[in-house]
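**Q** Chains as they are written, first to last, in this note's numbering: chain A, 1 to 282; chain B, 1 to 438.
Since the hints were derived computationally from the structure, they do not count as laboratory data. Accuracy of the hints is not assured; some may be wrong.
Said to hold, decoys possible - What the simulated footprint calls covered on chain B by chain A, stretch by stretch (three residues with Cβ under 8 Å from a Cβ of chain A suffice, anywhere in the stretch; the number is not a length):
| # | region |
| --- | --- |
| 1 | 122-130 |
| 2 | 356-363 |
As the list claims (entries may be wrong) - Facing chain A, according to a computed beta carbon distance under 10 Å, are these residues of chain B, among others:
| # | residue |
| --- | --- |
| 3 | Ala3 |
| 4 | Leu5 |
| 5 | Leu30 |
| 6 | Pro152 |
| 7 | Glu153 |
| 8 | Asp155 |
| 9 | Pro159 |
| 10 | Ile217 |
Just so you know, these numbers come straight off a predicted model, no measurement behind them. For each residue, glycine too, the CB sits at the ideal point set by N, CA and C.
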Amino acid sequence: MHTVVAIKQVPDTSNVRINPDTGTLIREGAPVIINPYDVHALEMAVRLKERFGGKVTVLTMGPPKAAEALVECIEQGADRGILITDRKFAAADTLATSYVIAHAIEAIQAEEPVDLLLFGKQAIDGDTAQVGPGVASRLDVPLISYAIQIEAFDPAARRAIVHRRIEQGIEVLETSLPALLTVEKEIAAIRRAPLPNLIRAAGYQPEVWSADAPNPFDPASIGIKGSPTIVGKAFTPPPKEAGELVHVADVGLAAAVSTALAKIAAAGVVATLPAGAKGGSP
Amino acid sequence: MSAKLVFDAIVVGAGPAGVAAAITMARGGLRVILLERGRFAGAKNFFGGVLYTHALAEVLPDYWQRKPPFERPVTEQGYWLLSPDSVVRFMHKSEHYKQEPAEAYTALRAPFDAWFAEQAVREGVLLITKTTVIDLLRDGQGRVIGVSTDRPEGDVYAPIVILAEGVNNLLTQKLGLAGSDLPPRFVALSVKELIGLPAKEIETRFGLAGAQEGVAIDIFGDATLGLPGTAFIYSDKKAISIGVGLLLEEFIWHNLRPYEVLARFKAHPVVRPYLEGGESLEYGAHLIPEQGYDRMPELAGDGVLVAGDAACMVDALHREGTNLAMTAGRMAGETALEAHRQNDFSAAFLRAYRRRLEESFVLKDLKQYRRMTDFLDSTPHFMGTYINFVNDAAMRFFSAHGMPKRQMEGEIFGLLRQRRSFFGMAQDAMKLLRGMRG
């Protein structure tokens, strides 16, 4: 049983300052943490390892400083940490990032077959939720996003039953393995890491992969070259103003409804209102 | 389930005492685990003050090459005697202070402790952070044989444990080496703010020639509303550390809120101009144990030694603590090495630690000032009365408005008489002398 978990080191957005002129996060000097959803993905992987044996590999792309996030993953129960770092990867959008992660997973798979891929549902600094699905489609494995529970898991039969959150409720899916799950926090509650893990992590050095070694990445697909996303402008939208209240008790029901209808018509959000339209049940 | 975790020595707490002990033992060839509850060493610390290099040099002779994160060398230091609207300054500035490395540096302990612990790791110490020691493991005879932490599979064993757990010495108390909780009479609460300013601005305001100069000022009198306590202002690289410390008991008796005392001090007409335009970077408070020599915990038990704040090693009068802690930590480490050589970890053998301390400045100084807290406690008017007098006297002395000098002298004398009788003054002087001479 081999699970690969992809993580990201992000600024602690609960403890970060916003540049008032640009409306963007001030990343310099901001404390960094492992993206909170990713920690739960790792915890799920460690629980599966405890049940079925095997190993957990953690992967991240980021600056050299992200090595400390991998050490923290070793504390939480991972066996192997790989840091993909190179100036050439800088300024990657989600397309380039999913290429790098997918390509790295292929390299890991070549060394040692992978049964399951776990990602956080999204990173709290970008909130796109695109990298997990991007990797799944590049690797051509089933994707279950917003997973909240693994109901059944059978590595021998290569099947799993997973619950995922959808707008209308919960969807229960059966999938073949390997599959890629992007997870919500409910997937597994974080436990306090045992002391022997911390001792192991204290001397742990993550593997470092560059753009060229040990597995060369396609130079045209990485970093700024591989990133077609253009950010036109980043701004903080003005707060929504309070709407006008028309109290039925003050003006009576008919007047209130016709005032509302008149507002809707004036705003042009509904193309046409039937002439003489009245409120009430159809 | 993993194998039992066994080391040659366990150190609880990665402050100056714990790190000094760990380095000393690792250099002596022991396998040492250093347990720290903060996210990193220094994370739980709020100290912005003066560090003395003599104690550091004895732990790490090449500390200077390892680039400690000091703020500024202390090239000028002394006292301000503050009345409500004026100040008399006793400052000492000397070329002697300008050697490198200097005798004392202003420093912030959060970065300093992280650096110091990093040196321990370089010496082979296993540093484990984010882990709180919650109890001691003992054998059938009650001898300490290890510690248990707040982590799963968190028991660690060693024939010797050095407790450098800081002022909140719960483990030392659990062992019965210290009495239960610290009495408010003997614990100071120091509230501090770090105020960011450009380096140039700091140098202009304090009259410093550049980054190679720094100032450390202890302030008495109105800063603490005339109550026994001190305030301080230290110049850092790009910030000023400013704070006020009072015995907990004073806060309670006078119904003072720590932040109000600091706010009042910062608003003092003499102080305010130094802070103008600064940005508040940090704000917090810390306890300082000031029990003194006579109320120190037992320093050794079977398989255990206590060092630093946990053992109340603070010389409040000279604002020294970190150097006492480092020296005590080193001596605890040396004693542990000797215990390993002799394979004797009994309390009787480990009491050699106390004897080492008695021969060093650590216990000599603490012994000498053993009555200082009592003195301040029994002479609460001391600060207010005399400091206001000195300010008023200075004002008379320096003014010239046609009064004969003889008359001026008489007035100054009268000022003193109004405040305190001859008998009272004589008593105060005697008590002060006793406080200073031990």
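**Q** Would you mind marking each hint as holding or not holding in the structure?
**A** Each hint, compared with the structure:
Coverage of a stretch by a chain is defined here by at least three residues with a beta carbon nearer than 8 Å to that chain's beta carbons; for the region 122-130 of chain B and chain A the count is 4, and the condition holds. Counting residues of the region 356-363 of chain B whose beta carbon lies closer than 8 Å to any beta carbon of chain A gives 0, which falls short of the minimum of three for the stated coverage. Hint status for alanine 3/B: holds, given a least beta-carbon distance of 8 Å to chain A, under 10 Å. Because the closest C-beta pair between leucine 5/B and chain A is about 7 Å apart, less than 10 Å, the hint holds.
This hint is violated: leucine 30/B has a C-beta 16 Å from the nearest C-beta of chain A, more than the 10 Å allowed. For proline 152/B, the shortest C-beta to C-beta distance to chain A is roughly 4 Å, which falls under 10 Å, so the interface hint holds. Among the interface hints, the one on glutamate 153/B holds; its C-beta lies about 4 Å from the nearest C-beta in chain A, closer than the 10 Å criterion. Taking 10 Å as the C-beta cut-off, the interface hint given for aspartate 155/B holds, the closest approach to chain A being about 8 Å.
Annotation: interface hint on proline 159/B violated; nearest CB of chain A at approximately 19 Å, more than 10 Å. Because the closest C-beta pair between isoleucine 217/B and chain A is about 29 Å apart, greater than 10 Å, the hint is violated.
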